[in-house]
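Let the hints inform the model, and build the full structure from the sequences given.
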Amino acid sequence: MKMIKTTDLECTRQIPNATPQEVYDVWIDPGHPGGLWASATKVILTAKVDGLFYTVLEHEGTKYAHYGLITQLEPGKVVQHTWVSQGTRGLESLVTTTFEPRDGGTFVRLRHTGVPDDEEGRLHVMGWNFVLDSLAKSLRKS
Amino acid sequence: MDATFLAIADPTRRAILDRLTLGPARVTDVAAPFAMSLAGVSKHVKVLERAGLVRRARKGREHTLELEAAPLREVARWTARYQQFWTERLDRLEAHFAQRKKP
Chain A
0 MKMIKTTDLE
10 CTRQIPNATP
20 QEVYDVWIDP
30 GHPGGLWASA
40 TKVILTAKVD
50 GLFYTVLEHE
60 GTKYAHYGLI
70 TQLEPGKVVQ
80 HTWVSQGTRG
90 LESLVTTTFE
100 PRDGGTFVRL
110 RHTGVPDDEE
120 GRLHVMGWNF
130 VLDSLAKSLR
140 KS
Chain B
0 MDATFLAIAD
10 PTRRAILDRL
20 TLGPARVTDV
30 AAPFAMSLAG
40 VSKHVKVLER
50 AGLVRRARKG
60 REHTLELEAA
70 PLREVARWTA
80 RYQQFWTERL
90 DRLEAHFAQR
100 KKP
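Just so you know, the sequences run in chain order A and B.
Counting in numbering that gives the first Met the number 0, the final residue of the first sequence is number 141, and the numbers go up one at a time with none missing.
Counting in numbering that gives the first Met the number 0, the final residue of the second sequence is number 102, and the numbers go up one at a time with none missing.
Heads up, some of the hints might be wrong.
Covered stretches of chain A (chain B as the covering partner; in silico rule of three or more C-beta atoms under 8 Å from a C-beta of chain B) [to be verified]:
id	region
1	18–28
2	100–112
Some chain A residues well away from chain B (every beta-carbon gap over 10 Å; in silico) [said to hold, decoys possible]:
id	residue
3	40
4	42
5	46
6	72
7	77
8	91
9	93
In case anyone wonders, no lab produced these hints; they're calculated from the structure.
Quick caveat, the model's predicted, so the values are computed rather than measured.
The beta-carbon is built from N, C-alpha and C at its ideal position, and this holds for glycine as well.
Right, here's the structure in full:
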């Protein structure tokens, strides 16, 4: 099987005036507008380690099914699950969200690792970036 | 999307795309730098055409090739979508607590 190049995404937030437990509880709550599942049109979730989820996210009128396995739950500290969809080319990527006490509030770090870098087979990275850069330049001129 | 990946997996085809980012070109001009026959380059061009990355225009007896940018944008789209998705989720998480009354 060919190796697929993957990339990692990361987002962070400092949430003032909230404890890690409070932020964790909002994040994993399937019914909460501030939580992980808020934008989904459907959520089926078993919120425990080795529990599964199914969710549907809509983007520009198209619905995308997402599936995953809950791999780690530490109340007030970590939520980790796999993330599988058309966007991951059917492969298991991993989302790890951590909650740390910091400056009187909570520092949230979300890492989405193993996202296929939209290459099948081995592409020469420099060549690929060069083509995209050249394309971007030519599009800016037009 | 798979046809796009396969098309750009080859260094000759990537070089052809790179040449076309400068603008439309005759097939013979695109083929000139390569140490292969015109027929060999034409096979690569056909792969790019089937993937929708290149289109062929005919002006009289001349055939020119032009770049189609849309499939290349699609390839980069999912990574960008997820970055945006997680950013928005964290924006809403932050907004929830910002609206909450301080104890």
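Hint check:
{"no.": "1", "hint": "18–28", "in the structure": "holds (count 4)"}
{"no.": "2", "hint": "100–112", "in the structure": "holds (count 3)"}
{"no.": "3", "hint": "40", "in the structure": "14 Å, holds"}
{"no.": "4", "hint": "42", "in the structure": "13 Å, holds"}
{"no.": "5", "hint": "46", "in the structure": "17 Å, holds"}
{"no.": "6", "hint": "72", "in the structure": "17 Å, holds"}
{"no.": "7", "hint": "77", "in the structure": "15 Å, holds"}
{"no.": "8", "hint": "91", "in the structure": "14 Å, holds"}
{"no.": "9", "hint": "93", "in the structure": "12 Å, holds"}
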